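Undergrad: Here's the letter readout for the chains.
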Amino acid sequence: MDYAGLIQILDSALRLSTPLLFACLAGLFSERAGVFDIGLEGKILASAFLSAAMAAYTGNVWLGMFAGILAALMLAAVHGVASITFRGNQLISGVAINFLASGLTVVIGEAWFGLGGRTPQLEGPARFGELTLPFANAIRDVPVIGPIYADLLSGHSILVYVALACVPLTWWILSRTRFGLRLRAVGENPAAVDTAGVSVVGLRYAAVMICGLLTGLAGAYLATALSAGFVKEMSAGRGFIALAALIFAKWRPWHALGATFLFGLLEALGNRFQSVELLGVTVPTQFMQALPYILTVVILAGFVGRAIPPRAGGEPYVKER
Amino acid sequence: MTQSQSQRPGTASQDAPLAIELRGISKAFGTVQANKDISIKVRRGTIHGIIGENGAGKSTLMSILYGFYKADAGEVYIGGKKTEIPDSQAAIDAGIGMVFQHFKLVETFTVLENVILGAEDGRLLKPSLAKARKLLTDLAREYELEVDPDAVVEDLNVGLQQRVEILKALYREADILILDEPTGVLTPAEADHLFRILKGLRDQGKTIILITHKLREIMEITDTVSVMRRGEMTATVKTADTSPEQLAELMVGRKVLLRVDKTPARPGKTVLEVRGLRVVADQGVERLRGIDLDIRAGEVLGIAGVSGNGQSELLEVLGGYRAATGTIRMNGQELDLTGSASAARSRRDQGIGHVPEDRQREGLIMQFRAWENVGFGYHHEPRFGSGMFMDNAALRKDCEGKMARFDVRPPDPNLTAKSFSGGNQQKIVLAREIERDPDLLLIGQPTRGVDIGAIEFIHKQVVALRDKGKAILLVSVELDEIMALSDRIAVMFDGRIMGERLPAETDANELGLMMAGMTGKVA
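Chains A and B supply the protein sequences, listed in that same order.
Counting in our numbering, the first sequence runs from 1 upward without gaps.
Counting in our numbering, the second sequence runs from 1 upward without gaps.
Mixed in with the good hints there might be a few duds.
[Said to hold, decoys possible] Which residues of chain A face chain B? A partial, calculated answer using Cβ under 8 Å: (1) Arg15; (2) Thr177; (3) Arg182; (4) Glu188; (5) Asn189; (6) Ala192; (7) Val193; (8) Asp194; (9) Ala196; (10) Val198; (11) Gly202; (12) Gly313; (13) Pro316; (14) Lys319.
[What the hints assert, rightly or not] List of simulated lysine-lysine pairs, PhoX-like, C-alpha gap at most 25 Å: (15) Lys460/B - Lys319/A; (16) Lys214/B - Lys460/B; (17) Lys36/B - Lys70/B; (18) Lys238/B - Lys319/A; (19) Lys319/A - Lys418/B.
It should be emphasised that the hints constitute simulated quantities derived from the structure, not laboratory data.
Note that this is a predicted model, so its numbers are computed, not measured.
No residue lacks a Cβ here, since even glycine has one placed at the ideal position from N, Cα and C.
Work out the full structure, taking the sequences as your base and the hints as a guide.
TA: Here it is, written out as structure tokens:
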């Protein structure tokens with residue numbers, strides 16, 4: 001493979017890892033606060049649908065994005081009410097949200113647009129365009145560095161840069177602010193937070209809503225930047241892959257960047273090399289495209305070393321008697 | 001420790017202004033009345049003890065004062081002013097700090113992070129951390145509260161973790177410090193250190209409320225003591241004017257024998273022989289590092305030690321459900337140390353009975369009825385059925401008999417295990433294991449969470465079993481219990497036996513040092 005080809009694959013990996021990164025950071029906020037969320041997938045899907053629908057209707061991608069975020073926030077609120085206020089089972093609530101999103105997007109999509117669950121193709125201002133970074137064209141011809149800047153880093157939609165910026169921002173919030181300290185504490189030992197006179201419920205709701213916001217961005221990116229419209233089940237398990245990446249990343253923001261990029265890279269490789277000759281055997285396309293999912297299984301089976309989740313994860317907080 | 005040393009110089013404490021006054025506090029959980037119309041006055045600059053059996057309502061009362069629970073009725077006055085305490089933040093604002101029995105620390109955080117949590121100065125952590133670091137240094141100097149501010153809490157031993165809890169309260173400028181059973185997890189030396197800290201705080205004018213069920217601590221450190229029984233406050237007296245016997249009577253409502261009556265042991269042949277026993281836990285940590293023990297018929301061997309020094313693993317290996325290397329002979333026969341299911345079962349056939357340390361997890365199934373629980377481990381025996389069928393009627397009848405003989409209250413075989421009090425749960429386990437007539441009884445923490453009245457009964461049963469010529473291995477973190485029951489005492493530290501002593505020839509000081517890993521006599 002030549003240098004330009006390598007840059008192309010990395011460029012594609014960056015695009016494909018962006019929704020995973022949003023979702024992974026979303027899960028990170030929620031789980032570090034002690035609320036497990038397997039409903040990431042459903043929130044991404046709901047946001048993808050509503051952002052595409054709104055963008056198609058108004059022709060404005062920004063309005064679409066806000067609608068997508070709103071959809072994800074609403075589902076996040078459902079998860080919050082079920083698992084924080086009513087102390088229900090967090091897994092069941094998450095599964096319910098996934099089913100709800102999977103069904104509702106198709107039914108409502110058919111009712112609104114009559115395209116078999118799709119939204120109309122998005123064009124022009126109804127889609128996120130590609131940003132060209134300053135001087136990109138000027139230094140394109142500089143060897144080695146030029147293509148990295150002009151082809152790999154430049155030329156993405158604004159949401160790619162937002163996702164990347166979210167990594168240091170998340171790290172800073174968690175490790176340097178009062179909110180972050182309390183958020184981490186509530187995921188490790190909510191009783192410590194409660195006896196310190198801080199509201200456990202308030203903190204967990206805040207975390208769940210941040211999770212909603214970020215999954216909203218993931219969905220909007222998927223439907224209005226990576227693709228040009230909503231297709232049924234277009235999240236394609238990304239919410240679950242993000243959860244695997246979160247475990248792989250040991251619930252840390254910078255690790256999350258690395259983990260999601262790895263998944264994005266595998267997806268990019270699968271897309272690029274439809275069939276590969278390896279030692280005289282042809283590796284089928286299907287295998288290449290299954291790579292991210294195979295890695296997910298490997299990670300979830302615990303082959304990547306011990307990852308210690310937040311200690312109070314998954315448990316509703318009840319004052320003991 | 002003598003009485004006069006613990007009393008505060010001067011007599012000012014008895015007419016000092018009130019720090020706290022509770023009037024008519026009541027609290028019910030469902031049908032259980034945990035606190036019934038409780039009134040209490042605590043004077044500023046005193047150490048006020050609250051003593052009572054498990055379930056007497058001490059912790060509930062203090063949790064109400066700390067805003068963790070809401071009282072159904074009653075009023076709280078702090079510094080003479082009526083104060084509403086709807087949540088912990090209000091209690092902190094009123095100058096109350098609490099050290100819970102189970103620490104409320106974030107184990108993965110550093111000491112500093114734990115101290116500032118909830119009391120940060122602003123949105124960013126940096127200034128708060130710097131301020132806390134300085135304050136911690138000052139407090140360490142003033143009150144012997146040294147602890148490394150950058151240490152991660154889960155790496156600290158329980159004594160240091162407790163200091164972090166006290167520092168948390170002092171960082172919030174608490175004037176009133178409540179400690180709930182603070183010495184339960186400490187070595188005697190650590191407990192002495194804690195008491196020095198508490199006296200230092202009192203002498204600085206802080207008010208301290210100490211909740212405990214240990215009479216010795218009350219006598220040693222408090223100025224005033226209030227006694228609770230079944231949710232009611234039965235008496236408040238000056239510590240100098242009372243005695244352990246009187247307090248025990250107030251707690252239980254009848255005269256209690258604080259000493260165990262027993263004759264000298266008449267040990268027979270060796271029943272259990274342990275040689276070079278080693279256990280390696282999951283992460284390659286050695287839990288037992290070569291244990292040698294002999295237990296003879298008709299004696300109680302007490303294993304003293306701070307919990308977590310290998311006692312649990314020793315019991316598990318002897319009980320047959322943890323793998324180990326080395327040899328164990330029971331009546332001359334070598335035991336299976338693979339820790340497999342058949343090993344655990346063969347232990348009972350070889351005459352080993354086991355009253356596990358954690359009765360709620362290993363001794364009983366809490367959701368099962370009492371009659372179902374009395375058969376555990378022995379279900380396969382012909383007396384409880386044949387083949388795949390169980391004889392439930394026989395189990396019920398057996399349970400009724402056991403309940404009568406062991407004074408289990410209420411004597412109803414159909415109640416679930418969790419509906420009995422700690423003492424009665426323990427009696428059910430004891431009845432099951434003792435009535436099987438084992439040659440060797442393993443008994444771990446026999447009186448943990450058990451009230452004084454039941455402790456007396458359980459101790460009598462253990463001594464009676466010994467007098468029948470049985471061997472008993474007693475593991476307990478309560479040094480008083482070890483001293484009272486054992487005919488020989490072995491001290492465990494870090495997976496080793498530090499040495500053996502005869503109860504008559506040693507004292508709590510020497511054992512305490514051995515429990516902390518030091519050997520030899522001290523002057």
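Undergrad: Next, verify each hint and record whether it holds.
TA: Hint check results:
Hint status for Arg15/A: violated, given a least beta-carbon distance of 35 Å to chain B, over 8 Å. Checking Thr177/A against chain B: minimum C-beta separation of about 6 Å stays under 8 Å; hint holds. The interface hint given for Arg182/A is met, as the beta carbon of that residue sits about 7 Å from the closest beta carbon of chain B, less than 8 Å. Residue-level restraint check for Glu188/A holds (minimum Cβ-Cβ distance to chain B is 5 Å; threshold 8 Å).
With its C-beta approaching chain B no nearer than about 5 Å, Asn189/A sits inside the 8 Å limit, and its interface hint holds. About 4 Å separates the beta-carbon of Ala192/A from the nearest beta-carbon of chain B, less than 8 Å, and the hint is met. Of the supplied interface hints, the one on Val193/A holds, with its beta-carbon coming within about 7 Å of a beta-carbon of chain B, less than 8 Å. With a cut of 8 Å, the hint placing Asp194/A at the interface with chain B holds, because the nearest CB-to-CB distance is about 7 Å.
With a cut of 8 Å, the hint placing Ala196/A at the interface with chain B holds, because the nearest CB-to-CB distance is about 3 Å. Proximity of Val198/A to chain B holds as hinted, the smallest CB-CB distance being about 5 Å (cut-off 8 Å). Among the interface hints, the one on Gly202/A is violated; its C-beta lies about 12 Å from the nearest C-beta in chain B, farther than the 8 Å criterion. Evaluation of the Gly313/A hint against chain B yields a violated restraint, the C-beta minimum of about 12 Å exceeding 8 Å.
Proximity of Pro316/A to chain B is violated relative to the hint, the smallest CB-CB distance being about 17 Å (cut-off 8 Å). Annotation: interface hint on Lys319/A holds; nearest CB of chain B at approximately 7 Å, less than 8 Å. The hinted pair formed by Lys460/B and Lys319/A fails the criterion: a straight-line CA distance of about 37 Å is larger than 25 Å. With a C-alpha separation of about 20 Å, the suggested pair Lys214/B and Lys460/B falls inside the 25 Å cut-off, and the hint holds.
At most 25 Å may separate the alpha-carbon atoms for a hinted pair to count; Lys36/B and Lys70/B meet this at roughly 14 Å. Pair hint Lys238/B plus Lys319/A does not hold up; C-alpha atoms about 34 Å apart against a cutoff of 25 Å. A threshold of 25 Å between alpha carbons decides the hint, and for Lys319/A with Lys418/B the separation of about 19 Å falls inside it, so the pair holds.
Taken one by one, the earlier hints fail for this structure at numbers 1, 11, 12, 13, 15 and 18, listed in ascending order.
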